[in-house]
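On the provided structure of chain S, position chain Z as indicated by the hints.
So the sequences go chain by chain: S and Z. The numbering of the first sequence is full-length UniProt numbering, which starts it at 1 and goes up by one. The numbering of the second sequence is full-length UniProt numbering, which starts it at 1 and goes up by one.
Errors might be hidden in some of the hints.
A pair holds if it fits inside one copy or across any two, identical chains being indistinguishable in the list.
Said to hold, decoys possible - Under the rule of at most 30 Å between Cα atoms (straight-line distance), these lysine-lysine pairs were calculated in the DSSO-like manner:
1. 75 to 288
2. 416 to 75
3. 288 to 247
4. 288 to 205
5. 205 to 389
6. 158 to 102
7. 288 to 102
8. 205 to 325
9. 102 to 177
10. 325 to 158
11. 177 to 158
Keep in mind that the hints were calculated from the coordinates and are not lab data.
Number of protein chains: 2
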Amino acid sequence: MPDQSVPQARTSAEVAQAPDSTGGHGVSRRALLGTAGATGLVLGASGGAVGYAAAPAQATPLTSVGSDRGMFHGKHQPGITEGLQARGHLAAFDLTAGAGRKEAAALLRRWSTTAERLMAGEAAPHDDTDVARDAGPSSLTITFGFGHGFFDRTGLEKQRPSALDPLPDFSSDRLDKARSDGDLWVQIGANDALVAFHALRAIQKDAGGAARLRWQMNGFNRTPGATAHPMTARNLMGQLDGTRNPKPSESDFDRRIFVPASGDPAWMANGSYAVVRRIRMLLDDWEKLSTAAQEAVIGRRKSNGAPLSGGDETTPMDLEKADAKGEYIVPLNAHARITRPDKNSGAAMLRRPFSYHDGFDADGTPDAGLLFVCWQADPLRGFVPVQRKLDRGDALSQFIRHEASGLFAVPGGAAKGEYVGQRLLEG
Amino acid sequence: MPDQSVPQARTSAEVAQAPDSTGGHGVSRRALLGTAGATGLVLGASGGAVGYAAAPAQATPLTSVGSDRGMFHGKHQPGITEGLQARGHLAAFDLTAGAGRKEAAALLRRWSTTAERLMAGEAAPHDDTDVARDAGPSSLTITFGFGHGFFDRTGLEKQRPSALDPLPDFSSDRLDKARSDGDLWVQIGANDALVAFHALRAIQKDAGGAARLRWQMNGFNRTPGATAHPMTARNLMGQLDGTRNPKPSESDFDRRIFVPASGDPAWMANGSYAVVRRIRMLLDDWEKLSTAAQEAVIGRRKSNGAPLSGGDETTPMDLEKADAKGEYIVPLNAHARITRPDKNSGAAMLRRPFSYHDGFDADGTPDAGLLFVCWQADPLRGFVPVQRKLDRGDALSQFIRHEASGLFAVPGGAAKGEYVGQRLLEG
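Just chain S, same shape as in the assembly (with noise of 0.2 Å):
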């Protein structure tokens, strides 16, 4: 709990400015602000509440870094389209035996308060636990989702929405059941570690209860600034990732990614479909290939995601290009040949992955790779028919293993004085 003998001030002028469009990352309007709080510029501005009490004297301004910040309220949930964060937490929670409609309710309700809160910089409503004291919100989104389960425990059945169905056993899976599914998902990330920890752990004290922890994964991207290349992230097999994601600029990309506001199920109204797999890595196998090996897998060149049919990353592939024996340029089994979406009926999703490393087995195995985080307004024409086709043929598969598998209804955003799933709870 802040401790209110010390006034309450803004550690910095620039905390409460609207967001920038970068979702935090790359260098923005904002970073030069910040910056020029170096020169004295912004430092001892104040007025409007951040929760915390001052920073000590020598406190210096935040860079956008910090004072970045999402809105929790929205049309869509944030955490969705945002840039990625330099750190992320994934966790799942299961209701309680005597947890229905009515604690899953004052769940989501509590969930939403101390979700706006965080997000804005504040303190957690009930016996913050100081960790993210003086750091700034730090482009920090929390977003919740519903699992098949839920809606059962809540006698929602009518309300669970067909896209929920389970997905379909691919056989390439080694599927560790207590790491998958749930009946509650949270998605944390944010761009300072110990913001995203304090978020995860005022999430778990929220639960009370009412639900029970059931997984929890750590992940991360590049620290915003640490890299020339901001636009696609570069994975843990040193692959740019993401190339191919669809853009809030193009034109069909609401309709790919978003429910629409006539909603199937209503509650769903402008909601997506989240599909999380662990997808492990299996570096050892992976590192031990050549550098056009490991092109010939992806289809691209790792050096900057140009497709090997020539150009640079926004190049589109020319899958017809052939050598002089006739050989495909682009591997019929290559990863970003198979995905394309203009061979998988328009099938798109908005992949927003973290990375992961839990150290490694006594073998020195990494236990490392992908937390695939991927986003649709329907997951059977989105994951579902590119996941398949993978399964049957892909030259990546080989060097992955999907370990765990979760599949989450995550509703639309909620407008001022509702909760997230309010809609569901109390339609």
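What follows is chain Z alone, placed relative to chain S:
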């Protein structure tokens, strides 16, 4: 391995600049330069070899976060006095059965070459994984140390410093031997998680057949720019942590932290001893305390680190100050009272920790706390006497648990053309 068919070019004029004095933290002159780059001032600069090929066309300049670099060569090894980094890996290796002094020397030579290159933002000497490609050095430091067992295995028992004698048992220790000790210790820190992981994999591969990973731990600190209070870190208990750290500007800093140039043994000249403890925080218990009760445990204000006797974070603690009832304001068993250097015969250590969070136990208890790393010229005058006192009556002890421990001799920095430990291995 970088793709040699793409022209070598710097992605930013920032990369080759000298490191700044903030250790990559705070808002520096270089952040100003980096931000200026957003207006195009430094875009497209070239010259100098960075080892990675040019980033794709939409490259934007690195900010200080990415471009700051530490120096591998110097009087001391890197990673001791630099500011805390956002991501850290600690790893211990044991020499394999067939490896002796010769293999150890070759290993330290490989490791030194890799550390020098990666810290400069270049690719690893062999089979680079590309995971750090198009990121800057991001204040990467790589630090090497020798454990007690190293000297038996290499026939160098006579060179083993008495300071490496095993630490005494403390009554509160609950040490996991499998995650303690080790022949060789490597500390990696960087402000970008992928840069740190890239270094860890390169170091692991360099070990080859000479050494095998014994244990490995991941940690984190705040992201540069996320906090308005960069001087002192906050830990996962929400406390400012490191307030009383000796400062390089203090006249006795070197004497306390580093072995003298006349070192005994000679090969440890300008070296230091690292005590490493995995300290689990019992957060479920800690967070049940009121803020006032937590502050009595520590002896300092949670909000700003000021002593309970008054002032601000830097105000000396008044140990004699009493309240109206004659009770000490700073309780006798307060952590900050017991650890006061002037009550411990001047014992001082430089604490440079990472927080850690390895998920949750099955009952929802967080496996989180501090990867405590402290540096001193002599553990018997640094860590040991302080820990002895804490072991006897520290109010904090019931909220923490030491789960792993290591003590390592970290030789001085390598001169140009030299490798770390050369004076030991070829002495």
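Next item on the list: Of all the hints given earlier, name the ones this structure violates by number, lowest first.
Entry: 1, 3, 5, 8 and 10
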